[in-house]
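First to last, the protein sequences are chains A and B. In terms of this note's numbering, the first sequence is numbered consecutively and its last residue is 326. In terms of this note's numbering, the second sequence is numbered consecutively and its last residue is 291.
None of these hints come from the bench; they were simulated from the model. These numbers come from a predicted model, not from an experiment. Virtual Cβ for every residue (Gly too), placed ideally from N, Cα, C. Keep in mind that a hint or two might mislead.
[Unchecked claim] Which stretches of chain B does chain A cover? Using the computed rule of at least three CB atoms under 8 Å from a CB of chain A, they are:
| id | stretch |
| --- | --- |
| 1 | 141-150 |
| 2 | 160-169 |
| 3 | 213-223 |
[What the hints assert, rightly or not] If you want the ones that stay clear, here's a sample from chain B, every Cβ over 12 Å from chain A, calculated:
| id | residue |
| --- | --- |
| 4 | Lys58 |
| 5 | Arg124 |
| 6 | Thr174 |
| 7 | Ala184 |
| 8 | Gly190 |
| 9 | Leu200 |
| 10 | Asn202 |
| 11 | Val228 |
| 12 | Asn272 |
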Amino acid sequence: MGGGWAALAGGLMPAFLLGRLASLILSLIAASVVIFLILEVVPGDPAQFMLGMNAEPQTLAALREQLGLNGSLLSRYLGWVFGMLHGDFGISYTYRTPVSGLIADRLVVSLPLAIYALALTLLISFPAGIFAAARRNSRADLTVMGATQLGVAVPNFWFAMLLVLLFAVTLRWFGAGGFPGWGDPWLALRALTLPAIALALPQASILTRVMRSALLDTLGEDYIRSARAKGLSGRQTLWRHALRNALIPVLTIIGLQFSFLLAGAIIIENVFFLPGLGRLVFQGITQRDLIVVKSVVMLLVFAVIFVNFLVDLSYAAIDPRLRRRR
Amino acid sequence: MVEIAMLPAERPDSYVRAALRSPSFMIGVVITAIFLLLAIVSFFWTPYSYAALDIPHKLKGPSGQHWFGTDQFGRDIFSMIMVGARTSIAVALIAVGVGVVVGVPLGLAAAARRGSLLDEIIMRANDLVFAFPALLIAVLITAVFGPGAVNAIIAIGIFNIPVFARLSRGAALTLWTREFILAARVAGKGPVRISVEHILPNILNTLVVQVTIQFALGILADAGLAYVGLGAQPPTPSWGKMLADAQTLISLAPHTAIIPGLAIVLTVLGLNLMGDGLRDIFDPRLRRNRQ
Chain A
1 MGGGWAALAG
11 GLMPAFLLGR
21 LASLILSLIA
31 ASVVIFLILE
41 VVPGDPAQFM
51 LGMNAEPQTL
61 AALREQLGLN
71 GSLLSRYLGW
81 VFGMLHGDFG
91 ISYTYRTPVS
101 GLIADRLVVS
111 LPLAIYALAL
121 TLLISFPAGI
131 FAAARRNSRA
141 DLTVMGATQL
151 GVAVPNFWFA
161 MLLVLLFAVT
171 LRWFGAGGFP
181 GWGDPWLALR
191 ALTLPAIALA
201 LPQASILTRV
211 MRSALLDTLG
221 EDYIRSARAK
231 GLSGRQTLWR
241 HALRNALIPV
251 LTIIGLQFSF
261 LLAGAIIIEN
271 VFFLPGLGRL
281 VFQGITQRDL
291 IVVKSVVMLL
301 VFAVIFVNFL
311 VDLSYAAIDP
321 RLRRRR
Chain B
1 MVEIAMLPAE
11 RPDSYVRAAL
21 RSPSFMIGVV
31 ITAIFLLLAI
41 VSFFWTPYSY
51 AALDIPHKLK
61 GPSGQHWFGT
71 DQFGRDIFSM
81 IMVGARTSIA
91 VALIAVGVGV
101 VVGVPLGLAA
111 AARRGSLLDE
121 IIMRANDLVF
131 AFPALLIAVL
141 ITAVFGPGAV
151 NAIIAIGIFN
161 IPVFARLSRG
171 AALTLWTREF
181 ILAARVAGKG
191 PVRISVEHIL
201 PNILNTLVVQ
211 VTIQFALGIL
221 ADAGLAYVGL
231 GAQPPTPSWG
241 KMLADAQTLI
251 SLAPHTAIIP
261 GLAIVLTVLG
271 LNLMGDGLRD
281 IFDPRLRRNR
291 Q
């Protein structure tokens, strides 16, 4: 796999990379236009919308000025986008502080939470999926598959509530919510543990199923039979050949899952009262602070698009055939 | 009369036999039927009015009078679950309907005009929607229009469109290379007629499986949105809202949190089992490959 990355970086296939990069930029532009249209054009007058019907004319005029509503749509859009490129997300109307600062404060909770949950997802699903595939149709396989069937049916916020009931209220191993900050990393990780488990459960169930079926698919291929014929044991074939080829569908799902983890984090943060992006966006909605909502949504969509861009690149690193296709 | 070219070995009567032999499918059907029945019956009858307050009997555990106990206002939880089933099923079902009605024609059109500008536009638009998880769409919509069941339907529905567009495009593309489609083209049928008369009937199985899966995802999404207050608004009971109310009471009255959660899990589990079973029944080859 290292060779694949070197080939990517060494510019052996710049056309592929440039193509992906162009589509990344186009997707980001399209997404930003959609967000801008929904939050700035649909409400009619965003300043009136944010302040309500009984707003004082002076306040309204001041907010209009602050939002740049006196300019044309195009200049407002460009101002927003170029501001974000320079790290300027505007000033929150309710908090009266730069949105970039608010986002930075919240990101140190939400991002570690999503990564923690993704790590748990991989730690659970890789062994479980490989185990189930290696012993397909055994009782162990059926048990794992049954557990995943249940795992995908459980809403993660409900699972989170049950975790709180068991580990926080009854056993008192963890706090029921809140976040102490990163001053003491151990305490911070402890506060994120139950939320991460709750987030990881459904995703781990999905990924276990994907891992298992991708492995079973590749185990049916001709090159696997060849590997067996040249004398490799079943276990050797699984680890050396099947696993690498099964990684493509698995990676696709991991890329998709990251977006579900980020979105799921929005809900889970509410269960555990974590001061993350999710809480920020909901406060933004209830306080009609469109400046905050706009920036946070754009940031989350950026994360989703960027992760899928990375997944696309990693396909090429894993499977050299894909590099030639475009 | 419209002739439908059915591929061999996909005769409906053999489906019924396969269905009766598939235990997971039958379990899924029974669970789903129970919740559908609860939802339908709730239109005519519930043990109590779901809105009837009875403060003296609040937070009572399950009993003969209140099968699932009462909530913090003394409302009958069983009645609320029945009406909540109605809300959840309606939101998820309409949202899937939006996905099918918009997504399938888009997918069929993209496949019929493979490689054209139309195909490119449809697929790129799909990619764009995929970048917005359902929850973010809901956030955008509610930020402007306020929360409510209709906005939850729109958010989940928009999320479903690319799912069905991609699925039907992919399935249709393989069919377009088949001889019976070629024959229809030689006979002078246009792409629209071929898509409707020959492609659609042959991808119906795949679509039905996906409908059950998206239905299950829709129930989960609706519960999540209602939980954070972006779904159906009080006094309309919804499972997600019931869980949100139960959160602070969980140590005091665990049944208020456990029962609505179990309702969601069972409904989703039933639909997923049904979907998996349907996939095996429709595609016996897949079943053999898996074993």
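(message) Minimum C-beta separation from asparagine 202(B) to chain A exceeding 12 Å: can you confirm that?
(response) Asparagine 202(B) clear of chain A: closest Cβ-Cβ about 23 Å, beyond 12 Å.
(request) Would you check whether the claim that lysine 58(B) is not at the interface survives, using Cβ distances to chain A and the 12 Å cut-off? (result) 20 Å, holds
(request) Verify the coverage statement for the stretch 141-150 of chain B against chain A, using a C-beta to C-beta distance below 8 Å and requiring 3 or more qualifying residues. (result) It holds, with 4 qualifying residues against the three required.
(request) Would you assess whether asparagine 272(B), listed as outside the interface, keeps its beta-carbon beyond 12 Å of every beta-carbon in chain A? (result) 6 Å, violated
(message) Just to make sure I understand the rule, a stretch counts as covered if three or more of its residues have a C-beta closer than 8 Å to a C-beta of the chain. Does the stretch 160-169 of chain B meet that for chain A?
(response) violated (count 0)
(message) If I take the minimum Cβ distance from alanine 184(B) to any residue of chain A, is it greater than 12 Å?
(response) 31 Å, holds
(request) Classify the label on leucine 200(B) as holds or violated, using whether its beta-carbon is more than 12 Å from each beta-carbon of chain A. (result) 27 Å, holds
(request) Run the C-beta distances from threonine 174(B) to all of chain A and say if the shortest one exceeds 12 Å. (result) 17 Å, holds
(request) Mind verifying the non-interface call on valine 228(B)? Its CB should be farther than 12 Å from each CB in chain A. (result) 6 Å, violated
(request) Confirm or reject the statement that glycine 190(B) sits farther than 12 Å, beta carbon to beta carbon, from all of chain A. (result) 32 Å, holds
(request) Mind verifying the non-interface call on arginine 124(B)? Its CB should be farther than 12 Å from each CB in chain A. (result) 8 Å, violated
(request) Quick one: see if chain A covers the stretch 213-223 of chain B, three-plus residues with Cβ-Cβ under 8 Å. (result) holds (count 3)
Checked against the numbered hints above, the structure breaks hints 2, 5, 11, 12 and satisfies the rest.
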